[in-house]
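> What follows is each chain in one-letter form.
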Amino acid sequence: MRKILAIAWKDLRSTLRNRPALVMMLVAPLGLAALLGFAFGGSGGFDIAATKVVVANLDRGGAEAGQNAGAAIQKILTSKDLSDVLDTKTATSADAARKAVDNGSAEVAVIIPADFTSVVYGSDPAATSQVELYENPTAEIGGSIAEGIVGQVLADFNGARAAAAGAVALRDSGGPSASTVAARAAETFTHAGGVSAGLQVTQRSPKVGKSGTDVSVTGSILAGMMIFFMFFGAANVARTILTEDRDGTMPRLFTTPTGHGTIIAGKFVAVFLTVLVQAVVLLIAGRLIFSIHWGRIDVVILLTVVAAGVAGGLALLVISFAKTPAQAGAIGSGVYLVLALLGGNFTGTAQTGTTYAFIQRFTPNGWLLHGWDTAMRGGGVADIRWQALVPLGFAVAFFFFAVLKMRRRFA
Amino acid sequence: MSIVEVNELRKQYDPPKGVVAVDGVSFDIAEGEIFSLLGPNGAGKSTTISMLSCLLHPSGGDAIIAGKSVVSASQAVKETIGVVPQDIALYPDMSARENLVFWGKMYGLSGDVLKQRVDEVLELITLVDRQKDRVDKFSGGMKRRVNIGVALLHRPKVLYLDEPTVGIDPQSRRSILDGILALRDQGMTILYTTHYMAEAQELSDRIGIVDHGKMIAIGTHEELVKIVGEGARVTARVDHYLEGMAERWREVKGVDKVDVEEDEAVLLTDDPNEVLPRLFEAAAAAGSRITEINVTEPNLEMVFLHLTGRALRE
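Respectively, the protein sequence lines represent chains A and B.
Residue numbers for the first sequence follow this note's numbering, so the first one is 1 and each next one is one higher.
Residue numbers for the second sequence follow this note's numbering, so the first one is 1001 and each next one is one higher.
These are computed hints drawn from the structure, not numbers from a lab.
For clarity, every value in this text was computed on a predicted model and none was experimentally measured.
None of the hints are false.
Computed cross-link-like contacts, DSSO-like style, restricted to lysine-lysine with a CA-CA straight-line distance of at most 27 angstroms:
id: 1; chain 1: B; residue 1: Lys1132; chain 2: B; residue 2: Lys1115
id: 2; chain 1: B; residue 1: Lys1143; chain 2: B; residue 2: Lys1157
id: 3; chain 1: B; residue 1: Lys1017; chain 2: A; residue 2: Lys405
id: 4; chain 1: B; residue 1: Lys1157; chain 2: B; residue 2: Lys1068
id: 5; chain 1: B; residue 1: Lys1017; chain 2: A; residue 2: Lys323
id: 6; chain 1: A; residue 1: Lys99; chain 2: A; residue 2: Lys89
In isolation and in its complexed conformation, chain B is listed as follows (with noise of 0.2 angstroms):
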């Protein structure tokens, strides 16, 4: 069952001559699932998520979340969702707890209630022992878990978050998405947007890629690697003679296609694990020895290549 279904969803500024920033964005998300964003810097992520949070007002389209449109009932869907905005949202001046309580009180929340939610969420954010100290005291990855902590006080039913992990430090990011993997063991549906392909692989149940504020493809990551249509990439060099060991290589078994590029031979296949002990075995027996050889899976960089033409960082 969809808890989150976006229709036609479209965003100009300044019509009508306005850059169109989402142009007819369609996904839904199930209740319980965690659903990805993915797409380069500008590609519409921030602008979709606004609408949906009711900042930005639609040009076309609507949202309807837990049951209520983003375009008729902006108040209601805003007691339903939480938002972690991309940039640190809090005041700095005070305290991970002050912080916490003003922000539940915009929740809505008081009294023992909010006192109860404050303190599960520091518990949840691991800064119990830090909740006194000012916010601008802390590291960047402390300031992401406050920032985080803000929008699961009124426990949500969908969690909106807008690239949480940009600029901070491995440990931070690992302990955000080991968090953001529990949150959805816990029946929280998530969005999330990200332009890190591994983090999208890693977290989301779906993922749907946008560019240029269109959704360009949708579905599982196994589903939208298949989009590509062909298997692993292996890349090899060998000590001598590189074009009479790929002419070899092409006759072993489970080996599609192979290619001489520049100094290395590439090749593809559909079960690397199969054919890598059969290319060391050819080259052994035509007396050579491989230096180097990589494996590349199918990912998510090589589907918005394969889409667009263009690589993901761009």
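So that you can see chain A by itself, here it is in the shape it has in the complex (with noise of 0.2 angstroms):
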């Protein structure tokens, strides 16, 4: 263990002597972040697809025929106008339409309740109705649409029950003009407590509450360039490797009473400290810089040693298909380029479309990105258990492939 530790402590202390790795592990990830972040100023400005929606109506409608106001959600939310932003389909049941936000065949549910019909068109002021919305947590864009086209129809409702509750109330005052039921019905709806509170939406998450930080753009980029320079950062470190036999300190390292395994393990560990470090210290310099709230500190630890894992398992199976350093390093470019490409490093995770979103599984750092931005809505562990899991296992096999080919090279 001592000697494992003194050939990755040898190579973390070369890293951190290397000015142009230096720049390129931190400065570089920074500055694109920074550049990103102003130019999409902070707020979004990506190109998104339609939000995948599945409504379910129980409204069982009102007293009288052809009254179901949950019915008219439901057409404007299918509605062609909204064809371009949302991609609306129905489901039977309240459980059914969860399930499917679940399983992620749609980002938000839009649950309309039995009772919806009976409290728009109902005599009582004071009854309340909740139209729930159930939402993916890394659907950002697409349930803020969602949400926003849903509240204003129950805005829409809310004015009406509010005109009418205020013209109730003139009718007893004896033939008011229609500007004064008009006043009278403004007054009612922008009265706090009063009918306006009555149709509301409520939000809920399959797997993280709702928190009431937003995730910043900034947060998100910075987070897609982390994973993207660790693979370079890692990259640096591994090829020493090819290095080290290419000016013979291998075959000498080779010639003393140290094993193979222990030299390739101390390599290993380099590599993955190396890209630790990297990591928190990004970690930190976007808190400090840009403000952002990375998460919960146990899920940021999971992520950081997760995407470690797995940024330190690719550039060793990389290498140990590189004969020199130059090939390594122009096979690991092309490699890390195309996994950010197809894994949304540069674009984001959330409303990238179907097929993108589907090949994102496919990368391991289309799922850390997905669990770094469950992490910065306040998911705990729990919620990013997938996102942790599913690159460990890439960052496993990585490693067991680079293991077992760097064997056959330096036995």
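Work from the hints to combine the two standalone chains into their complex.
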């Protein structure tokens, strides 16, 4: 163990003394995140795909035939005018709608309660009814769109109820003018605690309670940049296996009474520690410079360690296929770039379209990015279990094949 | 008593059709002896050292180092040997001291013992004043000294030096050769490879000459030069009538043979010290004046030429 740590410390120290490498590992991701965050104005700007919505209209309707306020909401959500932003399907029950969100086939479920029409058309101004929005916590933009549309419809209903309530209140005062009715309706509508509070949207999440803190665009971008540049940071250290082989220090290590396994393990630890340090520095810098709320500390630690494992494993796998440091650089750059493009490091994970979202599931960085998004929304360890376990599986597989290949090479 | 016993060591790359780099080499080295492997580039010297360092697995044969087999007990062998590779194998972005500390740890040293050995080695390689400087700031000779120092940290029983003086200035070379002789005097066994005949001649108690992966001669310097079967070679030029002068020199006592090659006479003799005054006397008696004369003692170059028909430098 002492020898493993000696090898790891030697490599870590060399990396910390290598200014170009430090710029690549630390300055570049921070700079790019700042630049892109500024370009998107800190609030968005991505070209988004239609949000998949499932509607469960449980509304039993009103006393009179044709009275169904829930159907009106459903009609709006499925209207052609909104087809660019909403891809709406229907479900027969609340459970079916929630299940659709849970299994990822929809991002938002709109569940209209059975008493909705009776409250809207009812005569009791104090009656309340709640339309439930059950949304995937990572569907940041899509959730907001659905919430906005449903909220607007409910506001319209509330306005109508207020107008009706105002008219009823004035009926007994005798023949008011239209303008007086309108004024009273407006007063009722805006009155705190009045009927306007009767129809509300409630939001729920399958895993994460909606946090009051919005995820900043800079935070999402820096998470993507951090993972992307962790790949390069890991590659930089892993490449020393090839440079040492070329420069003769690796063969010399093999002439010492130090086992091959110990030497390779030392290299692995060096790669892992380097990207871990890189991630910690970037996380702290992101907090201090951009005021990014990364999430709960246990979740941040878990995601950071898993990300370091993925970056380290992948870097070692890449160099196990290369014969020279230059070859490793070329192969690695290609692999990391393709993974970043597929995984969403440059585009984020929210609302990226069905096919893209599907492809992201095949990349460790795609899962990690979802994990960071959940973490920044206040998710706990249980909420990111798959976003941690799947990349961890990738990391273990990468390490396994890298070790297998290197054992053959340095046997 | 032999501390190194090499028996029919063989290495073939990519068998069965690959190059045979070492082909049944056998030799032994006594404790405290400097043994040199002399041969041209590509003769198989470095491959032999690599097998004895447990870096390469032999295709055949075995070597026993301090009682341990390089084939079956490589880890034990590695604890016994120190290896100085042909090229500088150090970390250039680390200081001399940092390099020594790191390599000391790889040899299993730690704590006070490690610190003490690093200090001793820095003294030995005379780099105490520059111990905190990065190795990439060092001259070639200084790097070579650190390169050697690394292999001495754990006090190995046998030290392998693979062409340690390649590409350095004469002063550094002298310093390294003196250091090697000092290590021998302290009782260390040394296996030295070189293609510099003079180095092998100066340092070695015994020399093995290798060519095309085979050991073609082995023995002390004196034993090897006897293989050539001739004495010293004297070449001389005179101011006029070389043919006539050559005839007279054939009559001089102690001269075994005289040939005329272009504008010089080539004489063979077992004792040039006795013969040279007589050559001058004969020339004076004939009214000739010797304008140039050279004496070449039989050397390893001549041995190699004699055995292979090629010059060592080829």
